[in-house]
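Read top to bottom, the protein sequences are chains A and B. FYI, the numbering for the first sequence is 1 to 116, going by the working numbering. FYI, the numbering for the second sequence is 1 to 112, going by the working numbering.
FYI, nobody ran anything at the bench for these hints, they're computed from the structure. Hints are supplied without guarantee of correctness; some may be wrong.
Pairs of lysine-lysine, DSS-like flavour, derived with a Cα cap of 30 Å [as the list claims (entries may be wrong)]:
no.	chain 1	residue 1	chain 2	residue 2
1	A	Lys68	B	Lys57
2	A	Lys5	A	Lys56
3	B	Lys53	B	Lys70
4	A	Lys37	B	Lys57
5	A	Lys71	B	Lys57
6	A	Lys71	A	Lys56
7	A	Lys37	A	Lys5
8	B	Lys57	A	Lys5
9	B	Lys57	B	Lys70
10	A	Lys56	A	Lys37
11	A	Lys71	A	Lys54
12	B	Lys11	A	Lys37
13	A	Lys54	A	Lys37
14	B	Lys57	B	Lys11
15	A	Lys56	A	Lys68
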Amino acid sequence: DQQVKQNSPSLSVQEGRISILNCDYTNSMFDYFLWYKKYPAEGPTFLISISSIKDKNEDGRFTVFLNKSAKHLSLHIVPSQPGDSAVYFCAASSNAGGTSYGKLTFGQGTILTVHP
Amino acid sequence: DAGITQSPRHKVTETGTPVTLRCHQTENHRYMYWYRQDPGHGLRLIHYSYGVKDTDKGEVSDGYSVSRSKTEDFLLTLESATSSQTSVYFCACGQGTNYGYTFGSGTRLTVV
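Assemble the whole structure, with the sequences as input and the hints as a guide.
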């Protein structure tokens, strides 16, 4: 039972255009969401996060949107650059009761390719 | 000067043998985690630790055990390796969800 789903295995965009990566979740107890970026032969690196009390968080070219009613979040990259080509994972956590210990549930990942 | 290192980076082992993967962090983070990455599954939590000698199971813990005798070190042991445990294993450390994790570079394990 996949609680966090990234239904698009891959996405291809032109340099300079917008990349939109999507993520859906089923567990209504999730209250914190994160995006990680992973290059081949490296570990994932933290990119951006959002709390469930917000619907948008922005950091430079990266913006995450959260739609709690739809249990959907998206990562927008504007403008996209060839160096953004990587696997992107969304992740979610529930801090309910203060006993999550920081555990994250990850989606399957989306391979983003940005063409020059 | 990476904050978290894993060893070995690559390993090939035979079915039925025990294997130990090592994770070492210099971040002084309380929480440590072992994940495995497989195609179509993303990253799945194997075990985690919330302090020295304090560990618990994740969603795919069968066939694995862990130990944490010092804040810096978190060991993952495959008690009797099987082909289904061929995977890339990532260790991570963190201070809690809101700060994100720091991941190691991974260990590619092949069980033949």
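Hint by hint, here is what the structure shows:
Among the hinted pairs, A:Lys68 with B:Lys57 is consistent with the structure: their alpha-carbon atoms are about 29 Å apart, no more than 30 Å. Between A:Lys5 and A:Lys56 the CA atoms are separated by roughly 20 Å; this keeps the pair inside 30 Å, and the hint holds. Restraint check: the Cα-Cα separation between B:Lys53 and B:Lys70 comes to about 8 Å, which is no more than 30 Å; the hinted pair holds. For the hint pairing A:Lys37 with B:Lys57, the CA-to-CA distance comes to about 25 Å; that is within 30 Å, so the pair holds.
Distance hint between A:Lys71 and B:Lys57 is fulfilled; the C-alpha atoms sit about 27 Å from each other, no more than 30 Å. This hinted pair checks out: A:Lys71 and A:Lys56 have alpha carbons roughly 14 Å apart, not beyond 30 Å. Proposed proximity of A:Lys37 and A:Lys5 is supported: the alpha carbons are some 16 Å apart, at most 30 Å. With a C-alpha separation of about 22 Å, the suggested pairing of B:Lys57 with A:Lys5 holds against the 30 Å cut-off.
Annotation: proposed proximity of B:Lys57 to B:Lys70 holds, straight-line Cα distance about 19 Å (limit 30 Å). A hinted pair counts as satisfied when its Cα atoms are at most 30 Å apart, and A:Lys56 with A:Lys37 qualifies at roughly 19 Å. Taken as a hint, the A:Lys71 and A:Lys54 pair is honoured in the structure, with Cα atoms around 13 Å apart against an allowance of 30 Å. Our distance criterion of 30 Å between C-alpha atoms is met by B:Lys11 and A:Lys37, whose separation comes to about 25 Å.
Proposed proximity of A:Lys54 and A:Lys37 is supported: the alpha carbons are some 22 Å apart, at most 30 Å. Restraint check for B:Lys57 and B:Lys11: satisfied, since their Cα atoms lie roughly 24 Å apart, inside the 30 Å limit. Distance restraint check for A:Lys56 and A:Lys68: the Cα-Cα separation of roughly 11 Å lies within the 30 Å cut-off, and the hinted pair is therefore satisfied.
Checked against the numbered hints listed earlier, the structure breaks none of them; every hint is satisfied.
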